[in-house]
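So you can see what is in the structure, the chains are spelled out below.
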Amino acid sequence: MSSIGTGYDLSASTFSPDGRVFQVEYAMKAVENSSTAIGIRCKDGIVFGVEKLVLSKLYEEGSNKRIFNIDRHVGMAVAGLLADARSLSEVAREEASNFRSNYGHDIPLKHLADRVAMYVHAYTLYSAVRPFGCSFILGSYDEDDGPQLYMVDPSGISYMKDMTCRELVKEVAKIIYIVHDEVKDKAFELELSWVGEITKGRHELVPKDIKEEAEKYAKDSLEEEDDSDEDNM
Amino acid sequence: MLGESSIQPEWLSEEVKTGTTIIAIGYEGGVVLGSDSRVSAGASVVNRVMNKLSPLHDKIYCALSGSAADAQTIAEIVNYQLDVHSIEVGEDPLVRSAATLVKNISYKYKEELSAHLIVAGWDRRAGGQVYVTLDGLLSMQPFAVGGSGSSYIYGFVDAEYRKGMTKKESQEFVVNALTLAMGRDGSSGGVAYLVTIDQEGAVERCIPGNELPTFFDQ
Chain G
1 MSSIGTGYDL SASTFSPDGR VFQVEYAMKA VENSSTAIGI RCKDGIVFGV EKLVLSKLYE
61 EGSNKRIFNI DRHVGMAVAG LLADARSLSE VAREEASNFR SNYGHDIPLK HLADRVAMYV
121 HAYTLYSAVR PFGCSFILGS YDEDDGPQLY MVDPSGISYM KDMTCRELVK EVAKIIYIVH
181 DEVKDKAFEL ELSWVGEITK GRHELVPKDI KEEAEKYAKD SLEEEDDSDE DNM
Chain F
1 MLGESSIQPE WLSEEVKTGT TIIAIGYEGG VVLGSDSRVS AGASVVNRVM NKLSPLHDKI
61 YCALSGSAAD AQTIAEIVNY QLDVHSIEVG EDPLVRSAAT LVKNISYKYK EELSAHLIVA
121 GWDRRAGGQV YVTLDGLLSM QPFAVGGSGS SYIYGFVDAE YRKGMTKKES QEFVVNALTL
181 AMGRDGSSGG VAYLVTIDQE GAVERCIPGN ELPTFFDQ
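Residue numbers (full-length UniProt numbering), protein chains in the order written: chain G, 1 to 233; chain F, 1 to 218.
No wet-lab data here; the hints were simulated from the structure.
Each residue gets a CB set at the ideal place from its N, CA and C atoms; glycine is no exception.
The reader is advised that the hints may include incorrect statements.
Distance condition first, Cα-Cα at most 20 Å in a straight line; then the derived EDC-like pairs of lysine to aspartate or glutamate [as the list claims (entries may be wrong)]:
1) K110/G / E91/F
2) K174/G / D114/G
3) K43/G / E167/G
4) K200/G / E32/G
5) K163/F / D217/F
6) K110/G / D198/F
7) K170/G / D18/G
8) K110/G / D83/F
9) K110/G / E88/F
Chain G side only, calculated, beta carbon under 10 Å to chain F, not exhaustive [claimed, not checked]:
10) S97
11) S101
12) N102
13) Y103
14) H105
15) P108
16) K110
17) D114
18) R115
19) E143
20) G146
21) L149
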């Protein structure tokens, strides 16, 4: 699918003859090449999991977080350029804060996703700036509308996507462990967060003991699969 | 009018106030708002049939009191802001949003404005709610009264209000309160306007003076 747009790919304000904006597509590559971020919706909440690649042994555990809190009730997990993602999380926080100031209540998730997507899209229109090189997943839970999940990608589209939260945490950990490619990247740290009935609608990092239980479950199931692979050989 | 063309009648230079009685009460499943209809400029009644219950959205109304111009303008601005907001968010606005918008204007311009709006309505999250926005504060209450006529009925409403009234009882409560206030306050009078808001929508009603309940002195 990769094609070179020689000459038409130098700025976001240029279309190629076949109607593509290459700068936006290259931005999406930055996301494809980054490590995995997952958000899953279950019947009583959302769980986020991120495969956080550890670039140096000198980094402290828990540094360079890739899951952000936007207001109390919204979580954001990112993939792609972390610096771009951080600046977008500030944008999302400001939107949520202004909404609360003007209207007196929590910002509805769809509205927040729309507003941030509009912002991301604006950066795909001009040659003076470059598109954001990150996608992110926004998730929230409230009593009336239940759990909701939205995704925004560098082109500025936002779009929407059953277990309980408690069980789902283990499955998300397992997915991240499976997806992690041991050959390509060495060490990684698992970052897990959730928002749902279990946290009364507040987005929080998964508590240490539950996270350790989930990691143990993930590692155990990987070993089982490794064992069964050996049998086949 | 007496041949002295340079002197205008006093009432032209008086500020036009809706010296008023307004009241709003929440019941299980909705709210009832009520107001009188007198607009005075000094001692003159410049409008005896004004409806002081102004729609902010389909199921959110506000009751106007204080300076007529200030109150009407705030209501118009918030009506516009709620229109835009409900389209952006894709659903009916919350009563809390409407009240916050009114409060933001009232607070920001509190030195220049002299109006008190009671905001009441129904939304799907919290049902019927009544908010008070006097001077820029925001407070949700089971019921609220306002305007010059409200001073005369505090005792009545405090004694007669009960939690868990039905729609009909709430409407009677409002009509009685308005009648008593209009009977004693010189700046309140005319007809009584009622708006009942619930999940189905808003229903307006006008009760002319001769159909209002009578009390001991009538």
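Hey, K163/F versus D217/F, does the alpha-carbon distance stay inside 20 Å? Violated: K163/F and D217/F sit about 29 Å apart, past 20 Å.
Given hint G146/G near chain F, where the shortest CB pair must fall under 10 Å: violated, 13 Å
Per the CB criterion, is R115/G less than 10 Å away from chain F? Given a least distance of 9 Å, the restraint on R115/G holds.
Check whether the Cα positions of K200/G and E32/G lie no farther apart than 20 Å. violated, 33 Å
Status of the P108/G interface restraint (C-beta, 10 Å, chain F): Holds. Min distance 6 Å.
Regarding the hint that H105/G lies at the interface with chain F, is the smallest CB-CB distance below 10 Å? holds, 5 Å
Given the proposed pairing of K170/G with D18/G, does the C-alpha separation stay at or below 20 Å? Measuring from Cα to Cα gives roughly 45 Å; hence the hint is violated.
How about S97/G: closest beta carbon in chain F under 10 Å, or not? violated, 14 Å
K110/G paired with D83/F [C-alpha distance capped at 20 Å]: Roughly 18 Å separates the two Cα atoms, so the pair holds.
Given the proposed pairing of K43/G with E167/G, does the C-alpha separation stay at or below 20 Å? Roughly 11 Å between the alpha carbons, so the hint for K43/G and E167/G holds.
For the hint on K110/G, does the least C-beta distance to chain F fall short of 10 Å? holds, 7 Å
Please check whether S101/G passes as an interface residue: C-beta within 10 Å of a C-beta belonging to chain F. Status holds, d = 8 Å.
This entry does not satisfy hints 2, 4, 5, 6, 7, 10, 20 and 21, going by the numbered hints stated previously.
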